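These protein sequence lines map, in sequence, to chains A and B.
For what it's worth, the UniProt record's numbering labels the leading residue of the first sequence as 1, then goes sequentially.
For what it's worth, the UniProt record's numbering labels the leading residue of the second sequence as 1, then goes sequentially.
It is worth saying that the hints were derived from the structure and are not from the lab.
Misleading hints may appear alongside valid ones.
The calculated label-pair distances, taken between Cβ atoms and stated as ranges, are [to be verified]:
| no. | chain 1 | residue 1 | chain 2 | residue 2 | range |
| --- | --- | --- | --- | --- | --- |
| 1 | A | Asp394 | B | Gly291 | 27 to 35 Å |
| 2 | B | Gln420 | A | Ala412 | 30 to 38 Å |
| 3 | B | Pro77 | A | Pro251 | 56 to 64 Å |
| 4 | B | His317 | A | Gln354 | 57 to 65 Å |
| 5 | B | Gly260 | A | Ala412 | 56 to 64 Å |
| 6 | B | Arg387 | A | Arg263 | 20 to 28 Å |
| 7 | A | Ala384 | B | Ala288 | 14 to 22 Å |
| 8 | A | Gly165 | B | Arg293 | 36 to 44 Å |
| 9 | B | His317 | A | Pro251 | 20 to 28 Å |
Chain A is faced by these chain B residues, among others (derived, beta-carbon under 10 Å) [said to hold, decoys possible]:
| no. | residue |
| --- | --- |
| 10 | Leu56 |
| 11 | Ile242 |
| 12 | Gln254 |
| 13 | Arg316 |
| 14 | Ala319 |
| 15 | Glu411 |
| 16 | Ala412 |
Values in this document were obtained by computation on a predicted structure and should not be read as measured data.
For each residue, glycine too, the CB sits at the ideal point set by N, CA and C.
There are 2 protein chains.
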Amino acid sequence: MSTRAAAGSGRPAAAGSPGTGSAAAGSAEAAGTALAAGSAGTVETRFLDLPGPVRLDSGRDLHPVRVAYETYGTLSPRRDNVVLVCHALSGDAHAAGVSATAASTRDGFGAEDRDGAAGRNLGWWDGMIGPGKAFDTDRWFVVSTNLLGGCRGTTGPASPDPATGQPYGPDFPVLTVADLVRTQRAFLDELGVARLAAVAGGSLGGMQALEWAVRYPDQVGAVVAIASTHALHPQGVAWNAIAREAILRDPAWQGGRYYGTGRAPDGGMGVARMVGHVTYLSGPALAAKFGRRLQFADDVRYTLTEPEFAVESYLRHQAASFVRRFDANTYLTLSRALTYFDLAREHGGGSLTQALAGVRARTLLIAFDSDWLYPPAGSRELDAALRELGKPVDLHVLDTPYGHDSFLLDEARQTPIIRQFLEAQ
Amino acid sequence: MSTRAAAGSGRPAAAGSPGTGSAAAGSAEAAGTALAAGSAGTVETRFLDLPGPVRLDSGRDLHPVRVAYETYGTLSPRRDNVVLVCHALSGDAHAAGVSATAASTRDGFGAEDRDGAAGRNLGWWDGMIGPGKAFDTDRWFVVSTNLLGGCRGTTGPASPDPATGQPYGPDFPVLTVADLVRTQRAFLDELGVARLAAVAGGSLGGMQALEWAVRYPDQVGAVVAIASTHALHPQGVAWNAIAREAILRDPAWQGGRYYGTGRAPDGGMGVARMVGHVTYLSGPALAAKFGRRLQFADDVRYTLTEPEFAVESYLRHQAASFVRRFDANTYLTLSRALTYFDLAREHGGGSLTQALAGVRARTLLIAFDSDWLYPPAGSRELDAALRELGKPVDLHVLDTPYGHDSFLLDEARQTPIIRQFLEAQ
């Protein structure tokens with residue numbers, strides 16, 4: 001087990017202690033924060049070093065690998081109540097509760113407005129994970145890891161390459177969703193968890209859940225894939241390509257070797273985030289929030305360089321906030337992984353039905369009709385293929401207004417569906 | 001009249017000679033090009049220097065102003081058959097026929113595939129302008145100008161600032177659609193054209209047509225506004241803001257003073273074009289053309305920097321092609337102008353109906369159901385407001401697959417509608 005701290009984590013390695021959870025209930029008041037009923041409490045991100053290498057789709061073996069994680073709830077004596085939640089492109093291990101340390105990644109559209117989440121360091125799925133919530137921590141032991149390739153404690157491009165002692169940068173391997181899942185599998189081995197009661201996530205997180213069900217059919221009881229798909233559609237491939245181009249074309253990217261140079265591709269990263277942000281929202285949501293409202297007074301100021309419309313100012317704010325907390329090479333790595341993902345190509349010789357033939361988990365699919373980045377069509381194709389195979393599957397298409405971000409924002413609609421699905425276990 | 005050639009035009013000033021047109025029928029074979037029946041022939045872009053300044057919305061007077069233009073057909077003795085066609089964000093004066101000099105701007109989606117337009121230097125609306133076409137040059141004298149702020153012969157940010165002798169760069173005034181139209185008005189004065197039989201355009205071109213009808217109600221007989229709107233919707237404002245951010249954040253932009261430095265913001269411009277390109281297409285069109293087809297063989301190569309999917313390679317090609325022919329400061333200027341455009345705010349105290357109250361032209365609106373950048377909703381709002389006022393208006397929403405680019409690509413569907421509308425004059 002490596003004892004070298006992952007770059008950027010600034011925390012010592014700590015072996016996992018399965019069964020305790022990292023939520024320290026009752027310490028909320030001590031932290032000076034008034035928690036709502038149902039909070040997972042004050043939590044800390046912990047770290048675990050895998051004992052062996054992770055074998056990747058590209059053929060490389062990656063070692064050492066550290067995994068940042070949080071847990072919520074209590075592991076049952078039979079270790080049969082584990083729910084793995086998988087984060088999306090810009091998330092991290094801090095999925096629920098109030099972090100004693102980490103800055104929140106819950107800065108999606110609307111989140112700040114609703115509850116000042118950023119200031120309280122709430123987990124990115126805090127509305128879904130906690131006592132009495134969709135993923136009820138009174139019943140389930142919920143595990144959340146930062147993805148391989150991440151920049152929030154798990155080994156990624158900013159971590160030191162053992163061959164050089166310097167950050168990997170562009171020498172970090174190119175990853176697939178399968179690689180992310182293999183890493184989670186190896187991590188859970190260390191926690192002594194052989195089987196997942198459920199694996200859940202939205203967007204890229206849902207892709208991981210689906211990959212789990214296909215790759216480890218005997219080790220997954222149920223899949224919850226929200227606002228996700230078996231393969232990103234071509235326009236989504238294009239948007240992700242454009243976001244990556246914005247980073248690659250920023251001279252400060254320096255071929256990926258920007259660590260320690262005092263310069264980072266913040267300009268390109270900001271543009272990437274703006275593109276992402278608009279694709280995560282629905283057009284009507286953007287119209288309702290900003291319309292064509294001018295930034296200052298009631299007329300334009302005739303400037304090319306300063307925001308004239310409120311939406312321009314909002315996008316700049318989002319970009320600046322994202323650049324402060326996220327690493328560009330991680331963005332490139334995870335964006336590439338999610339565009340590669342293609343269950344039919346990878347597991348079915350081009351046939352989605354064939355790819356899913358071995359699935360033994362029950363599957364819950366939730367899609368949002370205003371989501372044009374991961375539109376309901378992808379979930380419908382999964383639903384049809386599973387039904388054709390006689391597998392148990394539920395599909396819910398919800399008419400929320402928030403677009404793709406609905407999986408982060410509309411807990412109220414998702415909660416009863418997920419609770420009922422998990423209780424039927 | 002200034003005798004200084006506009007930067008980048010490389011051509012001497014030439015006063016307009018109304019009545020002759022610039023199409024030289026019969027010279028096509030001499031140019032070694034086999035023309036389809038109905039071609040406007042071989043044409044040359046010409047240049048006219050306005051005698052006085054153009055007063056702009058920002059309060060500035062711009063002088064000198066040179067206008068690049070082409071004409072097709074013959075001006076009638078009563079000068080009552082003039083149709084002004086207005087180009088969109090990335091167009092120029094070369095709207096029809098085969099240019100003896102200019103590189104084609106007709107590099108939109110599909111255009112190259114269909115007829116090798118780029119190689120033949122066809123005008124960007126060649127399918128619509130010519131003998132027997134939608135804008136029938138046997139009947140109409142069609143005039144096309146490069147917009148103020150342009151980079152294809154008309155005075156723009158790359159032109160010399162008379163105060164310094166150096167290119168304006170960021171000192172070029174910030175423009176509105178009204179400023180573009182005022183310049184066209186002053187240009188037509190020099191041609192001796194007091195009244196337009198019709199003014200037509202798609203996208204930003206349609207905005208100009210609408211502005212003409214509102215600003216000069218007694219001088220416009222008919223308006224043809226295609227794939228356009230009275231005010232870009234908020235998501236469109238966001239996309240344009242992101243495209244501009246990509247340019248502004250490119251260090252090679254150098255605050256707009258990149259002329260003569262040997263560096264231009266090609267990286268940012270490329271990203272801007274990619275964003276534009278995806279918004280000009282429909283998702284289904286992109287899926288039909290590329291799907292998730294891999295660029296090489298049948299598997300991925302595990303690279304972050306090279307294209308893996310065919311659509312990535314296509315976007316890079318589009319970006320490289322655009323950067324060669326277009327100026328970044330012009331992009332900024334015209335992108336800003338089209339996002340400012342808001343008929344209700346500028347002319348109606350917030351009311352579209354009030355803004356249109358003085359219109360005397362007949363109006364033809366064409367929209368495309370696959371166009372999500374200028375969706376039919378904008379045309380429907382114009383249609384409803386004009387009907388409420390008792391003005392003559394026709395609205396056609398066509399079910400073409402190409403998205404916003406349909407106004408450039410689907411001439412077959414538009415032609416009978418436009419011909420019939422103009423003949424009813």
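* To do: Provide an ascending list of the numbers of those earlier hints which the structure does not satisfy.
  => 2, 4, 6, 12, 15, 16
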